[in-house]
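Here the protein sequences line up with chains A and B, keeping their order. So for the first sequence, the working numbering puts the first residue at 1; every next one is plus one. So for the second sequence, the working numbering puts the first residue at 1; every next one is plus one.
Note that these hints are calculated values from the structure, not bench results. It is possible that some hints are incorrect.
[To be verified] Ranges between beta-carbon positions, derived for each pair:
1) A:P349 x B:Q287: 22 to 30 Å
2) A:H138 x B:E17: 51 to 59 Å
3) A:H138 x B:R278: 19 to 27 Å
[To be verified] Which bits of chain A does chain B cover? Going by a derived footprint, with three or more residues having C-beta under 8 Å, they are:
4) 256-263
5) 280-294
[What the hints assert, rightly or not] Chain A is nowhere near these chain B residues, computed Cβ spacing over 12 Å in every case:
6) D30
7) P188
8) E192
9) F345
Glycine included, every Cβ here is placed at the ideal spot set by N, Cα and C.
Number of protein chains: 2
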Amino acid sequence: MNPRRPLAAHLRLARTEGVGPVGYRKLLLDYGDAEAALAALPARARAAGRASRLRIPPPDEIEREIAGTAAIGGRILVLGDPDYPAMLADLHDAPPVLSVLGDAARLGGRAVAIVGARNASSGGARMAESLAATLAAHGVSIVSGLARGIDAAAHRGALHGGAPHGGNLGAGVTIAAIAGGLDRPYPPEHAELQNAIARHGVVVTETPLGIAPQQGHFPRRNRLIAGLSLGCVVIEAALRSGSLITADMAVNYGRTLFAVPGSPLDPRCRGSNDLLRRGAVLTENEQDVLAELPPAPVARPQAAGPSSPPAGRPAQEMKAGEAPLPRPPSGSGDMRDAILSLLSFTPTPVDDLVRRCQFSASAILTALSELELAGDVETLPGGSVVLPSAPTDTGRPWNEMRNPETE
Amino acid sequence: MNPRRPLAAHLRLARTEGVGPVGYRKLLLDYGDAEAALAALPARARAAGRASRLRIPPPDEIEREIAGTAAIGGRILVLGDPDYPAMLADLHDAPPVLSVLGDAARLGGRAVAIVGARNASSGGARMAESLAATLAAHGVSIVSGLARGIDAAAHRGALHGGAPHGGNLGAGVTIAAIAGGLDRPYPPEHAELQNAIARHGVVVTETPLGIAPQQGHFPRRNRLIAGLSLGCVVIEAALRSGSLITADMAVNYGRTLFAVPGSPLDPRCRGSNDLLRRGAVLTENEQDVLAELPPAPVARPQAAGPSSPPAGRPAQEMKAGEAPLPRPPSGSGDMRDAILSLLSFTPTPVDDLVRRCQFSASAILTALSELELAGDVETLPGGSVVLPSAPTDTGRPWNEMRNPETE
Chain A
1 MNPRRPLAAH LRLARTEGVG PVGYRKLLLD YGDAEAALAA LPARARAAGR ASRLRIPPPD
61 EIEREIAGTA AIGGRILVLG DPDYPAMLAD LHDAPPVLSV LGDAARLGGR AVAIVGARNA
121 SSGGARMAES LAATLAAHGV SIVSGLARGI DAAAHRGALH GGAPHGGNLG AGVTIAAIAG
181 GLDRPYPPEH AELQNAIARH GVVVTETPLG IAPQQGHFPR RNRLIAGLSL GCVVIEAALR
241 SGSLITADMA VNYGRTLFAV PGSPLDPRCR GSNDLLRRGA VLTENEQDVL AELPPAPVAR
301 PQAAGPSSPP AGRPAQEMKA GEAPLPRPPS GSGDMRDAIL SLLSFTPTPV DDLVRRCQFS
361 ASAILTALSE LELAGDVETL PGGSVVLPSA PTDTGRPWNE MRNPETE
Chain B
1 MNPRRPLAAH LRLARTEGVG PVGYRKLLLD YGDAEAALAA LPARARAAGR ASRLRIPPPD
61 EIEREIAGTA AIGGRILVLG DPDYPAMLAD LHDAPPVLSV LGDAARLGGR AVAIVGARNA
121 SSGGARMAES LAATLAAHGV SIVSGLARGI DAAAHRGALH GGAPHGGNLG AGVTIAAIAG
181 GLDRPYPPEH AELQNAIARH GVVVTETPLG IAPQQGHFPR RNRLIAGLSL GCVVIEAALR
241 SGSLITADMA VNYGRTLFAV PGSPLDPRCR GSNDLLRRGA VLTENEQDVL AELPPAPVAR
301 PQAAGPSSPP AGRPAQEMKA GEAPLPRPPS GSGDMRDAIL SLLSFTPTPV DDLVRRCQFS
361 ASAILTALSE LELAGDVETL PGGSVVLPSA PTDTGRPWNE MRNPETE
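The following block holds chain A by itself, in its conformation from the complex (with noise of 0.2 Å):
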């Protein structure tokens, strides 16, 4: 048997529409292994009312994803993998997939996000690169998302440890999450810092080789950033701004969220202000972000391999002696139907589904996964469903945008 087999079945069923993070894991966890969730598909998407074909990508497709990052020194890791950071597969809705380039392990390490505005001050470029430097002299790992300003002065003080122009490069270790493919750095003028992270830290993205970010990558970064960190740092954030929603998704994941005050003269200071407001923990240098970090984690048995369902705290739908449930009760429809009346076009956090519906959680999120198959919902990272756009905005290809990172 090929020893990529079952690799390549997880990265077959992981990247099937329709399949989203939680879909994924109820898969598994209902057909034993990613083979049997294959060949139970189409039925299956046929049986939740699924009007178009679904689409599998063919076997040689996964190959050439495989071979093709292996070739730029990269690695899939799937959920489950003993290389898959744990904090990642505490998550309810953890990814199914990670394309990797650089020392996977190091995914694993004691790390806190720093965040802020693309057009950032130079005043908070310059505490970003101060702050991560110093985390890092400190064993912290510093994960951002590669964008220019805040972004690319913490991944910088990371790698440099603080001596800009030094040759201490690597002093630091440093996570850059990505919204395109492991071959696809961007902005393009950070394909070289890109380089300099792979080699020294960690690069990671869901998207596959291969294709260009595109806005609707942008949220999925974002769930990488807070969910592989401890805590996450705003820096210049403005009000309504991408960083918001980074921060956002940390509280959500159970993170500490902190934020570096600002001028209220400066309009690129209102939205981490606001947070200080709502309780994020003023920061003003690494001592008030390590006062705050938890203990490090104990270290964990690792799953048995990638076909296991992942170790760790189990979230909510994957109770440890539930039943698998591999059709759709009798009555669903009424509860797909409860389901569908309470989403709309904006999305709805599934806290909220589950405590406006009358279903059990777990009820309500076999629906939801069934109903994703069918094409009827989409999941978004950080736990929200979303109705899918309606058919003229599907039809504009995102690669159109301008900018695709509208943050």
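Chain B: place on chain A using the hints.
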């Protein structure tokens, strides 16, 4: 009878060495009026164990202060005067005497203090000016200390209503609490600003006419700023700066504390950011302040005249129905020794003293006013007591200090 006579007697009592704010109220309670208290003082000081002769200012010195204040258009308010501001009268250590220039009735309006660094950044000064202007436009008087930097910007913002070069001088009310006498504006280059404030607001001090500001006057000025205001906004205060002392006084007086966030890279923002960390209200604009102000105070019945005890919330040492204690009770020597043993050359809050003594609070306050009269302790604004400085220190004249305002 000279209509000035009750004023003169109160002023003479207040200007007597060893009579602090708490002792002043107690003497009036014990002896019924200021004349009787003055007559009894020398014997009482001797009985309290005072070694040197008590200096009571001669009547002509007091008359000169009253006439001189009137000559520059000023006025002296004693505690209990109908125009004496209720916010100050309610303090347990209310200043016995205020010298004012301008419309004294304006001391009673809804007011907010704005204080901060003398070496303010241009952004900090702009923030102070804009916040003062917008608050003043909402009918809130702006209290500050006439210092360089944030103080002056706050006064100017209120005066000009946010149009610094416009013709609408007097758009809002501002109150300058100053450290020296009314005829000694400090710093000297703010003489014109003080004149403008006197015309369109109020200038207020506890210091007699003709006395240049000395280091020991600044805590009293800071107490006026905190006491006259419903809340205190701190903009750009370094760690251990005088603005933080004003902020502490404001908190001790039950005022709401506000702080404007600033970049951690600017040492001028360390103290104000620290206030945010300790719970001050994060302030970006006037709405943040207005939302936290208590409702407008209810009008209170005016006190009958200057010799009656001040109306309002009775202070701890002035409980209604408590019998006057004209002489130290027998056995009070033990109490005085116990109190002295707990004091040092660094200020001790009276509340701490009460907690650490086995005597009642009212007995301790009585003993403290005797100790002050005896010259054995000094009471400080904000409710602390301290042993008088050692002779080598008291010998150094304050006015030799190069910059008296060592905030």
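Review point. Taking 8 Å as the C-beta cutoff, is the stated coverage of the segment 280-294 of chain A by chain B satisfied by three or more residues?
Key: With 4 residues in contact (Cβ-Cβ under 8 Å with chain B), the coverage given for the segment 280-294 of chain A holds.
Exercise for review: Determine whether the Cβ-Cβ distance between H138 (chain A) and R278 (chain B) falls within the hinted range of 19 to 27 Å.
Suggested key: At 25 Å between Cβs, range holds.
Practice item. Run the C-beta distances from F345 (chain B) to all of chain A and say if the shortest one exceeds 12 Å. Key: It holds; F345 (chain B) is separated from chain A by about 33 Å at its closest Cβ, greater than 12 Å.
Review point. When you take the CB atoms of H138 (chain A) and E17 (chain B), is the distance between them in 51 to 59 Å?
Key: 57 Å, holds
Exercise for review: Establish whether the coverage given for the segment 256-263 of chain A by chain B is satisfied; the threshold is a Cβ-Cβ distance below 8 Å, and no fewer than three residues must meet it.
Suggested key: holds (count 4)
Practice item. Examine each Cβ of chain A, and state whether all of them lie more than 12 Å from the Cβ of E192 (chain B). Key: Correct as stated: the minimum Cβ-Cβ distance to chain A is 27 Å, above 12 Å.
Review point. Are P349 (chain A) and Q287 (chain B) spaced within 22 to 30 Å by their CB atoms?
Key: 29 Å, holds
Practice item. Say whether it holds or is violated: D30 (chain B) keeps its Cβ farther than 12 Å from all Cβ of chain A. Key: Holds: least Cβ distance 49 Å, greater than 12 Å.
**Study point:** Distance rule for P188 (chain B), whose beta carbon must clear each one in chain A by more than 12 Å
**Key:** 30 Å, holds
The earlier numbered hints are all upheld by this structure, with none contradicted.
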